[in-house]
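What follows is each chain in one-letter form.
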Amino acid sequence: MPAILDARGLCKRFGAVTAADEVSAAIEKDSVVGLIGTNGAGKTTFINMITGYLKPERGAIEYQGRDITALPPREITRLGICRSFQIPQLYGSLSVWDNMMVGIGIVLANARHGGFFAGGRIWDTRPVPGYGKPAAEVAEHILARFGLADYRHRNAQVLPGGVRKLLDIALTMVAKPRVLLLDEPTSGVSAQEKFAMMQMVLEAVRAEGVTVLFVEHDMEVVSRFAERVLAFYDGRIIADAAPQVALADPEVRRHVVGRTKAAHA
Amino acid sequence: MILLRAGLISFGQALYYCLGAYAAGALGRFLGIADIFVQMAAGALAAGIAAFILGFLLAKYRGIFFGLLSLALSMILYGLLVKNEALGSTDGFNILPSPLFHVRPGAAWVRYAVLAAAAVVSVGLALAVHRYLRTPLGRLAPAIKDNEIRVEYMGASARYAVHVMYVIAAVLAGVGGALAATTVGHIDPDMAFWTTSGEFIFITILAGTGSVVAPFAGALIYEIIHTTAYDLSPNTWQLSLGAALLAIIVFLPAGLWSLVSKMSTRYARHP
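Chains as they are written, first to last, in the numbering used here: chain A, 1394 to 1658; chain B, 1165 to 1435.
Excised from the complex, chain B in its bound form (with noise of 0.2 Å):
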């Protein structure tokens, strides 16, 4: 969401979200240290660290060679893991369930914990980015997509805002992949793999970028598409997801949450 306001389509993000994903279930497996918050901090981590070394190159890029770029870098990564025999190759490995600061909950209990927790990191990182959008920074996102060459006349970087939101948008694809990580309990390469991508920028797409919530609702609609066409047609299911994005790009470009924004502009008007 936070790439696609400024114009930049990310074909690559599952990358970000992968390595938030083996930095998480490498902590636990190498290290002994499976707090969820910690391995949250640390995918955040990897992938922000990745994302500012890589955003030196793919800042310089915009529409189809930043999209391909990206990819390209993702299936890199799934690559190099399916090859990697010590993070179990095209298997992946198990994580452990996590503690929460120490305390280790029940078997019974655990599996909520953790969901609880990841809720809570979530509305948390959505307030922050519901924050950012009211930033110069979040307000700038539109005027990049518009007309680059306009922002550059009036004072700022798009180079430079371009590498901050890649390297935000990255950290938070890491938290998710961690958090993807800790509730599942497994990784593997497939999270690197571009369909993951291409499940992101469907959510986005479907959802629109209006607001932060419409990812959370867009992911939440996404997933009742996908569970009931493939409840109803394990063969084809693919099929009823690509009628829904093509009439979502058809009768609703700016995604679901345009119909919010129409209907709060227009109750704002005739209250």
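If we strip away everything but chain A, and leave its shape as in the complex, we get (with noise of 0.2 Å):
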């Protein structure tokens, strides 16, 4: 399978702290891959550099066999590459439904759909590109397939918190990524909920045939979703590999998974 996504020897410090240390991974099409770590591993630096929030000092990194490494996360995302957040970034004081308009207007803006200034029509008539479908459908479409559908007209800021999670994932579909980066799904969610969720979130995207890279701290989430595990320590990638592989490495033991932890999973 090729490579879709392709970090070559990423550097990137903060003072005296290395983040990032010639952290390099090929990601394939398709595959769905857990990153894992403790906290301060580099596992959101990882994201942060790919997704053009931080710039890595050393490195490069392809998308598609294009360089992406200086773009800004704007651009980086109208490739196709989009992410969501530990902490839930939502547009507050609008609904869920205003929520998914303000993002495909976004797309339909970006694919010259008469640019920010389109029509009222713009909404009805134009086909989303990736959907083929106008703005409405497509936002139902997505809404049900995150099982958000009831919640269209409630206040982005009042929902709970697994809802909140839910719409910030589900937002980033309408851009149509092709690569997606979950930055801790399921944290702040019950143990119970949690795997319903995590099909419920896989199912949804892997309809859309995108490749999924997730970090997680639950190494049960983990080892039953993962195709592939990166685990990153000391902003060095110290296993990567099948889950089974993977979480039985003694290091990945020894720093990341715990003795017990490893022995349960």
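Heads up, some of the hints might be wrong.
Unchecked claim - Taking lysine-lysine and the DSS-like style, the derived pairs with C-alpha atoms no more than 30 Å apart in a straight line are:
#1 B/Lys1224 / A/Lys1448
#2 A/Lys1587 / A/Lys1569
#3 B/Lys1309 / B/Lys1247
#4 B/Lys1309 / A/Lys1448
#5 B/Lys1426 / A/Lys1569
As the list claims (entries may be wrong) - A few chain A residues facing chain B, derived, Cβ under 10 Å:
#6 Glu1450
#7 Pro1465
#8 Glu1468
#9 Arg1471
#10 Val1495
#11 Ala1502
#12 Gly1508
#13 Leu1552
#14 Phe1618
#15 Asp1633
Derived by calculation from the structure, the hints in this document are not laboratory data.
Where a beta carbon is used, it is the ideal one built from N, C-alpha and C, also for glycine.
Fit chain to chain and form the complex, with the hints in mind.
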């Protein structure tokens, strides 16, 4: 399987702290990759570098053969790499529906369907790129996929935590990404709901043919849903293998999982 | 209203209001062009060009920095006009009654003709703004106010969007200034003074940003409060304005238009 995303020799320091030390990883198309590691190990720095929030001091990132190392987040998003956040980043004063419409409006404007000044008919007539359907149908489709249809009129800032997480991920889907980076998608969600939520999210995004990288601290979630694991420690990738192999790796057990959890996993 | 929807409070919108007025006035004073529509176009153009240039600087800033920088720019214009003898210094200058498409109405009708032209332009611009609110850019404004990081991560440039909104707001203020100049018949540097910007902010907070009708209603209510308070108490009328603003902020933080929005939502649920 060809690599859709290729990070080579990424380095990033924050003062005396090395957040990325020669990090290299080729991500295969249509794969589901779990990123594990303790807090400060470099997982989120890796995501931030791929999505353009941080510029690596050394190294390069290629997406579908194109160098995206120096691009800002909005251009990386336009190319097809989207991300969700550990703390959901929503438009709090808007309803769930309007959150979706803001995103769809950006996609339509970027597709040059009249740009940012396109009139009211744009919402009713123009097909949203990647979906081939008008805005309202796309919003309905995505909200239904993520089980959010009943919340459409609710204000985003009053949604329960798990629903906010789902909306945060659903918003990424309006841009029809090819690669999706999920930063702790189940954090703050109860243990009982984690698996069902992860199942729903992966079914929704995989149905659209999206390659997924997700940061996760729960090793049961990782071993169940990831096809491959990248284990981070001290700014380095210390294991890159299938979940069973990576979680059994002595270095991963010592620095990331802990012996008890490793045995459980 | 356009800027406030994006969370940007411009303490210097009077800059473009005054530029529009002086562009309109200068056209008549120095070039002899007094047609009201040409003057309004000149006001819009002058304000738009100035905002386009200054927007490269201002679109980088948010919050108090945006507010104070815009205030500083308007006060620079005020200072320049006060020192400029050719433009009447602190006294400003008068503008001749305007013809409409080369037709000069009789003396008894000129005031009504100018007001009618002003009304037509205002309604036309209000319809344009109403349409703008439904465009992707119009919908993006509250998103920028709520979460600019998310806007960037969804593929839009918040700075570009703010720059465009800034120019639109300036063009509208420029036309407003030209309209005020032609309807009042006089312009002076006070049009760029910070209290003029304060009036615009007062009206927007009073009315809210929920609809294009809101600023018109807000301006009307502001003038009613202003006139009544001045009539009743010429020395302390500012106290009444302050009390009205305080009441709005405490009881209706989204402005008077939020009452209309609530009623229409309730009606939609229980017709």
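The hints, checked one at a time:
1. B/Lys1224 / A/Lys1448: Cα-Cα ~20 Å, so holds.
2. A/Lys1587 / A/Lys1569: 24 Å, holds
3. B/Lys1309 / B/Lys1247: 38 Å, violated
4. B/Lys1309 / A/Lys1448: With a Cα-Cα distance of about 26 Å, the restraint between B/Lys1309 and A/Lys1448 holds, given a limit of 30 Å.
5. B/Lys1426 / A/Lys1569: It is violated: about 35 Å lies between the C-alpha atoms, which goes past 30 Å.
6. Glu1450: This hint is violated: A/Glu1450 lies away from chain B, its Cβ roughly 22 Å from the closest one there, beyond 10 Å.
7. Pro1465: With a minimum Cβ separation of about 7 Å from chain B (threshold 10 Å), the hint on A/Pro1465 holds.
8. Glu1468: Hint on A/Glu1468: holds, closest Cβ of chain B at ~8 Å, below 10 Å.
9. Arg1471: At about 5 Å, which falls below the 10 Å cut-off, the nearest Cβ of chain B leaves the hint on A/Arg1471 intact, so it holds.
10. Val1495: 4 Å, holds
11. Ala1502: The hint holds - A/Ala1502 has a Cβ within 10 Å of chain B, the shortest such distance being about 4 Å.
12. Gly1508: At 8 Å from the nearest chain B Cβ, A/Gly1508 passes the 10 Å test, so the hint holds.
13. Leu1552: 14 Å, violated
14. Phe1618: 23 Å, violated
15. Asp1633: 27 Å, violated
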